[in-house]
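Engineer: Spelled out from the first residue to the last, the chains are:
2 protein chains.
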Amino acid sequence: MTGLSGELFIGADRISGSGQAIHGWNPATGERLDPAYPGASLADVERACGLADEAFDPFRALPLGARADFLERIAANILGIGDALIERAMAETGLPRGRLEGERGRTVTQLRLFAEVVRAGRFLEARVDPAQPDRQPAPRPDLRLRMIGLGPVAVFGASNFPLAFSVAGGDTASALAAGCPVVVKAHSAHPGTSELVGKAVQQAVAECGLPAGVFSLLFGNGTDIGRALVADPRIKAVGFTGSRSGGLALLEVAQGRPEPIPVYAEMSSINPVLLLPGALAERAPEIARAFVASVTLGAGQFCTNPGLLVAVEGEGLDAFVEGAALAMASAEPQVMLTAGIARAYGEGVDRLGAAGEVTLAGRGRAASGNQGQAALFSVSAKAFLANPALQEEVFGAAALLVRCGEAAELHSVLRALQGQLTAALHVADGDAGLVQGLLPLLERKVGRIIFNNFGTGVEVAHAMVHGGPFPATSDSRTTSVGTLAIDRFLRPVSYQDMPEALLPDELKSANPLAIPRLVDGA
Amino acid sequence: MTGLSGELFIGADRISGSGQAIHGWNPATGERLDPAYPGASLADVERACGLADEAFDPFRALPLGARADFLERIAANILGIGDALIERAMAETGLPRGRLEGERGRTVTQLRLFAEVVRAGRFLEARVDPAQPDRQPAPRPDLRLRMIGLGPVAVFGASNFPLAFSVAGGDTASALAAGCPVVVKAHSAHPGTSELVGKAVQQAVAECGLPAGVFSLLFGNGTDIGRALVADPRIKAVGFTGSRSGGLALLEVAQGRPEPIPVYAEMSSINPVLLLPGALAERAPEIARAFVASVTLGAGQFCTNPGLLVAVEGEGLDAFVEGAALAMASAEPQVMLTAGIARAYGEGVDRLGAAGEVTLAGRGRAASGNQGQAALFSVSAKAFLANPALQEEVFGAAALLVRCGEAAELHSVLRALQGQLTAALHVADGDAGLVQGLLPLLERKVGRIIFNNFGTGVEVAHAMVHGGPFPATSDSRTTSVGTLAIDRFLRPVSYQDMPEALLPDELKSANPLAIPRLVDGA
Numbered sequence: 001m002t003g004l005s006g007e008l009f010i011g012a013d014r015i016s017g018s019g020q021a022i023h024g025w026n027p028a029t030g031e032r033l034d035p036a037y038p039g040a041s042l043a044d045v046e047r048a049c050g051l052a053d054e055a056f057d058p059f060r061a062l063p064l065g066a067r068a069d070f071l072e073r074i075a076a077n078i079l080g081i082g083d084a085l086i087e088r089a090m091a092e093t094g095l096p097r098g099r100l101e102g103e104r105g106r107t108v109t110q111l112r113l114f115a116e117v118v119r120a121g122r123f124l125e126a127r128v129d130p131a132q133p134d135r136q137p138a139p140r141p142d143l144r145l146r147m148i149g150l151g152p153v154a155v156f157g158a159s160n161f162p163l164a165f166s167v168a169g170g171d172t173a174s175a176l177a178a179g180c181p182v183v184v185k186a187h188s189a190h191p192g193t194s195e196l197v198g199k200a201v202q203q204a205v206a207e208c209g210l211p212a213g214v215f216s217l218l219f220g221n222g223t224d225i226g227r228a229l230v231a232d233p234r235i236k237a238v239g240f241t242g243s244r245s246g247g248l249a250l251l252e253v254a255q256g257r258p259e260p261i262p263v264y265a266e267m268s269s270i271n272p273v274l275l276l277p278g279a280l281a282e283r284a285p286e287i288a289r290a291f292v293a294s295v296t297l298g299a300g301q302f303c304t305n306p307g308l309l310v311a312v313e314g315e316g317l318d319a320f321v322e323g324a325a326l327a328m329a330s331a332e333p334q335v336m337l338t339a340g341i342a343r344a345y346g347e348g349v350d351r352l353g354a355a356g357e358v359t360l361a362g363r364g365r366a367a368s369g370n371q372g373q374a375a376l377f378s379v380s381a382k383a384f385l386a387n388p389a390l391q392e393e394v395f396g397a398a399a400l401l402v403r404c405g406e407a408a409e410l411h412s413v414l415r416a417l418q419g420q421l422t423a424a425l426h427v428a429d430g431d432a433g434l435v436q437g438l439l440p441l442l443e444r445k446v447g448r449i450i451f452n453n454f455g456t457g458v459e460v461a462h463a464m465v466h467g468g469p470f471p472a473t474s475d476s477r478t479t480s481v482g483t484l485a486i487d488r489f490l491r492p493v494s495y496q497d498m499p500e501a502l503l504p505d506e507l508k509s510a511n512p513l514a515i516p517r518l519v520d521g522a
Numbered sequence: 001m002t003g004l005s006g007e008l009f010i011g012a013d014r015i016s017g018s019g020q021a022i023h024g025w026n027p028a029t030g031e032r033l034d035p036a037y038p039g040a041s042l043a044d045v046e047r048a049c050g051l052a053d054e055a056f057d058p059f060r061a062l063p064l065g066a067r068a069d070f071l072e073r074i075a076a077n078i079l080g081i082g083d084a085l086i087e088r089a090m091a092e093t094g095l096p097r098g099r100l101e102g103e104r105g106r107t108v109t110q111l112r113l114f115a116e117v118v119r120a121g122r123f124l125e126a127r128v129d130p131a132q133p134d135r136q137p138a139p140r141p142d143l144r145l146r147m148i149g150l151g152p153v154a155v156f157g158a159s160n161f162p163l164a165f166s167v168a169g170g171d172t173a174s175a176l177a178a179g180c181p182v183v184v185k186a187h188s189a190h191p192g193t194s195e196l197v198g199k200a201v202q203q204a205v206a207e208c209g210l211p212a213g214v215f216s217l218l219f220g221n222g223t224d225i226g227r228a229l230v231a232d233p234r235i236k237a238v239g240f241t242g243s244r245s246g247g248l249a250l251l252e253v254a255q256g257r258p259e260p261i262p263v264y265a266e267m268s269s270i271n272p273v274l275l276l277p278g279a280l281a282e283r284a285p286e287i288a289r290a291f292v293a294s295v296t297l298g299a300g301q302f303c304t305n306p307g308l309l310v311a312v313e314g315e316g317l318d319a320f321v322e323g324a325a326l327a328m329a330s331a332e333p334q335v336m337l338t339a340g341i342a343r344a345y346g347e348g349v350d351r352l353g354a355a356g357e358v359t360l361a362g363r364g365r366a367a368s369g370n371q372g373q374a375a376l377f378s379v380s381a382k383a384f385l386a387n388p389a390l391q392e393e394v395f396g397a398a399a400l401l402v403r404c405g406e407a408a409e410l411h412s413v414l415r416a417l418q419g420q421l422t423a424a425l426h427v428a429d430g431d432a433g434l435v436q437g438l439l440p441l442l443e444r445k446v447g448r449i450i451f452n453n454f455g456t457g458v459e460v461a462h463a464m465v466h467g468g469p470f471p472a473t474s475d476s477r478t479t480s481v482g483t484l485a486i487d488r489f490l491r492p493v494s495y496q497d498m499p500e501a502l503l504p505d506e507l508k509s510a511n512p513l514a515i516p517r518l519v520d521g522a
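Sequences listed follow chains A and B, in order.
Okay, so the first sequence: first residue is 1 according to the working numbering, each after it adds one.
Okay, so the second sequence: first residue is 1 according to the working numbering, each after it adds one.
Since the hints were derived computationally from the structure, they do not count as laboratory data.
Yeah, the Cβ is synthetic: ideal placement off N, Cα and C, and Gly gets one too.
The reader is advised that the hints may include incorrect statements.
What the hints assert, rightly or not - With beta-carbon atoms standing in for the labels, derived distance ranges:
1. B:Arg99 / A:Ala407: 51 to 61 Å
2. B:Thr223 / A:Ser16: 26 to 36 Å
3. A:Arg99 / B:Ser245: 32 to 42 Å
As the list claims (entries may be wrong) - If you only want the chain A side, here are some residues facing chain B, beta carbon under 7 Å, derived:
4. Cys208
5. Gly437
6. Pro440
7. Glu443
8. Phe451
9. Val465
10. Arg491
11. Pro492
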């Protein structure tokens, strides 16, 4: 692949790492891809963090328009890579062209949306409480508040979104939008894709005349570089999308620092889907087809993949199972992201199939190599409740149907669930009473509640929550997709009786930026 | 004291604890106060948390107006206690009547302000992204977002604000406003005051017809009850104001849970005060008098007490020191909150005075019993930078002046500081350039920057931040005073394609609550 050097990005520099090298691998062919990516050293981590720290004050002091321009420039540069980006990503991930072109669009849209958010200035939460010099018994001072960035942010790319949740994905976009420099640890499954995007960001930094430390990109085998990055005292927050074990390991490092820092780890979720009796009576075959389409989408490699179905026994459910088995039987096997993920998926399916009282209800077409073969299993609510291991995510196109003897068991199953990213409900008019009873419980368990659809397809929007109670994420107060994600990297600062000339523009009395502000609470 | 029973409040019940008893003590007289407060058992903690969990869904489902009414009813009931509350608090804390009457006013104002916040509904951050069925390449679903409470909250009362940061103080008010039931662990220094306020809250729960578990109040000696409370799986967040060791201990418990939860611990701060050369040249004696008034206010027992002064050598600084020593010499000793706090203060002053290169620059009138004697010490910037122990908070009316050889040393001293609640700057026109250079650093170190005043006196306002980087607090993204404090106990939930009839009122299309909402980001 021309133009790939295998080097690290440390601010404005490109240097070759000195650690153990990683390579991209084509999961469809098993072929090793050039170049080699020698890993960063601890000194490289140090340097990237030092530069990020130096860049923080000048970067956050930029006018909002300049910060927004930078995000848009990144988007333009990513598009400017052209088809080489799609081809390299296809080779490294096994994902089809259409999916990756869509993901590139999503990545670019995300950067542009955050540029809009920055320009609009609402994220600053500017507040002005004017002085009340005559207030009794004591005068009130002038108080003004704005949000500022937390400081340099460490971002860990995800394997399953090589563009939209990787080097210039949602975490990076929202951190930069918040005024925080970013040090990315690239995911080892797509180093070439990471390098191409890293170059686009590094160029944008230079083109916009920003301090070089606004962005660095490190490669590294194993976990040492990631841990060192999170442990560095200059890093003030962490964005991560990946496995539960990976997220919890970083959380532990962050909590063990002399100064603990927030970790936003989006980890694992089985995304319960409730098939209510009215909906099943009305349209079981249609729901079954839609379910199979959702569970097999992208080889099931989505955080929001529907891994758990919950329904009440009856004719409607029988019809659903029949329809799902039928649809799944013609589901083609799909190449998974890496050999390791394909292996883990196969083991997870075997484990589910071998669990007590679990039966196979449907299977996709046979797979070979690094492909995944879709699978649907079935278990009684009673057996599910007795075996917490059945809640473990099997990352891929597999789902478990929990059959409840009566509607009351829906509550018991939901109550037993850990925190999740999403829950979906398939409902008809007759189900309203049942749904109303379930909603308070669902709200406590998940970040997003979906009606008559599935969680796959996460809109980049203002009202999106891609988050949820632990262990779906490490911090339920936030989202990693959508404009609210910027709040993760901000903290409030209050200014008391600050001379007008010293006030930042967003807090000056005349409101020169014309941003929305809360004045005396209104 | 008539009307005090020494019992716990477990939901609607009053029961006598079975653990080791605590008593109030009058720090002015050393007298033990009746009644005894036998501690809660682990079963009492269990029951309080169970009731809180049961109360959560019905409580948060209340119309906003009813939730606001409840907060106002608590305020009215606290006023309804009358002078018995002030007298008991005076006896238990040694604080003077005027201060406690003021603090009661603050407590009531705070509850009423959060009632306003609840009615205004802005805290719900309601967002609506309408469906775009014709969007290409795929339709956009209807997405709506609102904030909901995290769940039951554990609140730990503070010793130094027996009303405003105790049973019905800022943490409780903001958690209830967020729709979260509260289980309070009373501070052992003012159990009688806690009981009186607890009764006012319990009555408000009954009068408003709320589920009993919305509020419980536990007494307990030592740390077992507090730890058990934070460890209980039904508790979803913690509010704490107190020592660093206490806050860090609770943080450790919270992080070690199977489901980690946020801890908002406001711990310790020495609140640097920068005396800039222009200001000292202009009005050193005036600043010196104001400083002594601030550092001795309430025997120095404020989180925002000015414990560190930083200034550049010169005639102005000499004049300041002379003025401060003079003002301090006539500062009367004041009774401290507890014998333990008075002892720790005395030890802290001795430790400071004995530290290498630290000299005494001023001293208040001699103290006896549980009184604290004001103290001002002085040290060179070089010696300060060489000894991190000089940053340790001495809780009480003591401060350390750091003398810088030149202006550049101001930066070095600030850079060496840990996170703080506040920084204050005393400036004159000629200091503007210096201040501009210091501001970015200050913003990274503190939650509130004050001009020409001191941090004592924390307004309950919209633009207040009473928070700051670790270790001033355990979570710099928040504030424990002011309306923004409600955000600590909220998390977002997104609803996708939810049938109109099922939507909560705040998200219905017609906006029946007439609250501010973000529609398509605008």
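Engineer: Does Cys208 (chain A) meet its interface restraint, that is, does its C-beta lie within less than 7 Å of any C-beta in chain B?
Structural biologist: 20 Å, violated
Engineer: Taking the CB of Arg99 (chain B) and the CB of Ala407 (chain A), does the distance hold inside 51 to 61 Å?
Structural biologist: 58 Å, holds
Engineer: Under 7 Å, Cβ to Cβ, is where Glu443 (chain A) needs to be relative to chain B, so tell me if that hint holds or is violated.
Structural biologist: Where the cut-off is 7 Å and the nearest Cβ of chain B is about 5 Å from Glu443 (chain A), the hint holds.
Engineer: Restraint: Arg491 (chain A) near chain B, CB-CB cut 7 Å. Satisfied or not?
Structural biologist: Hint holds; Arg491 (chain A) Cβ to chain B Cβ min 5 Å, cut 7 Å.
Engineer: Next item in the hint list is Gly437 (chain A). Is there a CB on chain B closer than 7 Å to its CB?
Structural biologist: Violated. Min distance 11 Å.
Engineer: Range hint 26 to 36 Å: satisfied by the CB atoms of Thr223 (chain B) and Ser16 (chain A)?
Structural biologist: Check failed, 53 Å falls outside 26 to 36 Å.
Engineer: Can you verify the interface hint for Val465 (chain A): is its Cβ closer than 7 Å to any Cβ in chain B?
Structural biologist: Given a least distance of 4 Å, the restraint on Val465 (chain A) holds.
Engineer: Grab the minimum C-beta distance from Phe451 (chain A) to chain B and call the hint holds if it beats 7 Å, violated otherwise.
Structural biologist: 4 Å, holds
Engineer: Taking the closest Cβ pair, is Pro440 (chain A) under 7 Å from chain B?
Structural biologist: 4 Å, holds
Engineer: For the restraint on Pro492 (chain A), tell me whether the closest CB of chain B is nearer than 7 Å.
Structural biologist: Constraint on Pro492 (chain A) satisfied, holds at 5 Å.
Engineer: Evaluate the given range 32 to 42 Å for the C-beta pair formed by Arg99 (chain A) and Ser245 (chain B).
Structural biologist: Since Arg99 (chain A) and Ser245 (chain B) have Cβ atoms about 53 Å apart, the given range 32 to 42 Å is violated.
Comparing the model with each numbered hint stated earlier shows that hints 2, 3, 4, 5 do not hold.
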